[in-house]
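There are 2 protein chains.
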Amino acid sequence: MKTIFFKNKPVISCAKSVGGPKESEGAIGEFIDVKLKDDTLGEKTFEKAERQILYTALSECINSSGKPESDIDAVLAGDLLDQIISATFATRNFKTGYFGLYNACATFTEAMILGSVLIDGGYMNNVICATSSHFSSAERQYRYPLELGCTRPPQSQWTVTGAGACMLSRKGKGPKTSCATVGRIVDYGVTDVNNMGAAMAAAACDTLVTHFKETGFSPSDYDLIISGDLGTLGSRILKDLTWEKGFDIEDQHVDCGEMVYNINEKEYQGGSGAGCSSMTFCSYFYKRLKEKKFKKILLMTTGALLSSVSAQQGESIPGIAHAVAVEC
Amino acid sequence: MKTIFFKNKPVISCAKSVGGPKESEGAIGEFIDVKLKDDTLGEKTFEKAERQILYTALSECINSSGKPESDIDAVLAGDLLDQIISATFATRNFKTGYFGLYNACATFTEAMILGSVLIDGGYMNNVICATSSHFSSAERQYRYPLELGCTRPPQSQWTVTGAGACMLSRKGKGPKTSCATVGRIVDYGVTDVNNMGAAMAAAACDTLVTHFKETGFSPSDYDLIISGDLGTLGSRILKDLTWEKGFDIEDQHVDCGEMVYNINEKEYQGGSGAGCSSMTFCSYFYKRLKEKKFKKILLMTTGALLSSVSAQQGESIPGIAHAVAVEC
Chain A
321 MKTIFFKNKP VISCAKSVGG PKESEGAIGE FIDVKLKDDT LGEKTFEKAE RQILYTALSE
381 CINSSGKPES DIDAVLAGDL LDQIISATFA TRNFKTGYFG LYNACATFTE AMILGSVLID
441 GGYMNNVICA TSSHFSSAER QYRYPLELGC TRPPQSQWTV TGAGACMLSR KGKGPKTSCA
501 TVGRIVDYGV TDVNNMGAAM AAAACDTLVT HFKETGFSPS DYDLIISGDL GTLGSRILKD
561 LTWEKGFDIE DQHVDCGEMV YNINEKEYQG GSGAGCSSMT FCSYFYKRLK EKKFKKILLM
621 TTGALLSSVS AQQGESIPGI AHAVAVEC
Chain B
321 MKTIFFKNKP VISCAKSVGG PKESEGAIGE FIDVKLKDDT LGEKTFEKAE RQILYTALSE
381 CINSSGKPES DIDAVLAGDL LDQIISATFA TRNFKTGYFG LYNACATFTE AMILGSVLID
441 GGYMNNVICA TSSHFSSAER QYRYPLELGC TRPPQSQWTV TGAGACMLSR KGKGPKTSCA
501 TVGRIVDYGV TDVNNMGAAM AAAACDTLVT HFKETGFSPS DYDLIISGDL GTLGSRILKD
561 LTWEKGFDIE DQHVDCGEMV YNINEKEYQG GSGAGCSSMT FCSYFYKRLK EKKFKKILLM
621 TTGALLSSVS AQQGESIPGI AHAVAVEC
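If you read the sequences in order, they're chains A and B. Residue numbering for the first sequence follows our numbering, starting at 321 and increasing by one per position. Residue numbering for the second sequence follows our numbering, starting at 321 and increasing by one per position.
Here chain A stands alone, though its shape is the one from the complex (with noise of 0.2 angstroms):
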């Protein structure tokens, strides 16, 4: 069995989120808690920039949460960059424990999964599950120098510069998370690195399949279901695997990488990032489901598992899903 039942229904507490310029002024923009109008922070690299972004959500969630920082028992936390130093270097600002997590895009997920066993079971009071992620230092890192300016290809995504931090808690009042299915690492071959969408769509469709046949949920059982950054194409390769093994999730599909960006702009497919789906799920998606224009949700972010090394090395990319469902 890859999903779990949460008896005791961790309570999300509060949840903050910081978006870049060009995410504040995007279709959910609106929503983003801190917008940023310098995406530097006035720091000299963009790795020091991203880690600023990070610790902000961090810092508002904890702030929201009317706690004491020596109430937060833990934060699970996890970037894209090499050795998460993001994570790490915005949470060594508190006192708090740390797991340091890494699944990519599906990092999200994956500390919500974690926290919640860690709440539902009594082990911890209030924990924080958060990521970041930063266009410039994901570009440089995983593809070029940014000053070479190289041309994108139609099939990209842009990283969302963006952070977004949920706090999950025994007490208090909020959205509830109810169960989770834990994904497995699937892999299609695909090698083109510039094409993520397509190398996740098929572990997000093992995911949700398998979420379906455990729990006995259909489609129309969630208000959304909603994908982490598949963009544009790999949510109607998504669309399309799961309508072949029997479910339509058309009508109740989203996908945080399409929504995130106004559709006019360079971004083609949408956004990505691990940043992506927790600054959409924190600001956007938390709001809503605070007042109840959504009931039941599926959040299901998908990572994309290669490093610049095993792209190189003529490795295919590994994708993989976790899934959480929150209601309210």
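No copy labels: a pair is met if it fits in one copy or bridges any two.
Below are the SDA-like pairs computed for lysine to any residue, each with C-alpha atoms no more than 25 angstroms apart in a straight line:
(1) K329 with N445
(2) K415 with A631
(3) K364 with V506
(4) K355 with E459
(5) K415 with Q633
(6) K327 with D393
(7) K493 with F614
(8) K415 with L561
(9) K493 with M321
(10) K329 with K387
The set of hints was computed from the structure by calculation and includes no laboratory data. Every value quoted in this text rests on a predicted model; they were computed, and no experiment measured them.
Given the structure of chain A, go ahead and fit chain B onto it with the hints provided.
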């Protein structure tokens, strides 16, 4: 509270270790399950070799458990390479769920804590915790190209080529995890990337003192207090720091890094790497626990959370340590 107790005491139902040629000839070599004669395993790159080592540990662990792969709910794994590609590509061969973790050389006990929570809380029946490292893949990623033949300073450690994988189960026989203390990030401002022991010792002290204070245990409640890979210098710093805080661990303390090699070799301070503690625990300590030669130990792996980018951008090295009590 950073310490959590496992009421149902998850069983470490099996454990398997793989060691490189140098490790197999070391002080605990006779306890290693799979002794390699060639650290490339016939692969073209050291990165591909490392994932084969981890894959071997995972396979051996599953085979020795007597359980079909379908009974394994998840693998919790990590390694030192960018985007933890060893863990990802090794786990890609299995259909289990996957949680990718990164806390550098503290990843093994990070996995054991989260794995124990998944088992103890009744969310899963069997999970595998595993980590790996490889001297040649780590050295060229973190420091210099191997071909340069750089002189190693006396405070340096030798990254272990090896892996360890252990299975945590709800049912079965074997040593059990009884409680754990989650580490927080501690940074004392060490910037020497060749002096990992000093960078990690303060974090190890913090976790250990927290453990004693929160549990009420004293050092003599354990047969052994095992740090992950502080090496000789780092171990001395840890013992001094904890003594200053009122806890004398001199009689119980051993360090996986200090004991993994014969002392007449050129690795100066001893071994390090995410595979150092897992290989040592899954070979020597696990076998001794099964023989009841040790009745209660505290395994505390230690991680230096730097990246080559963070070091080059002038950052100090944050440390972390997670501790798990194992008893038979």
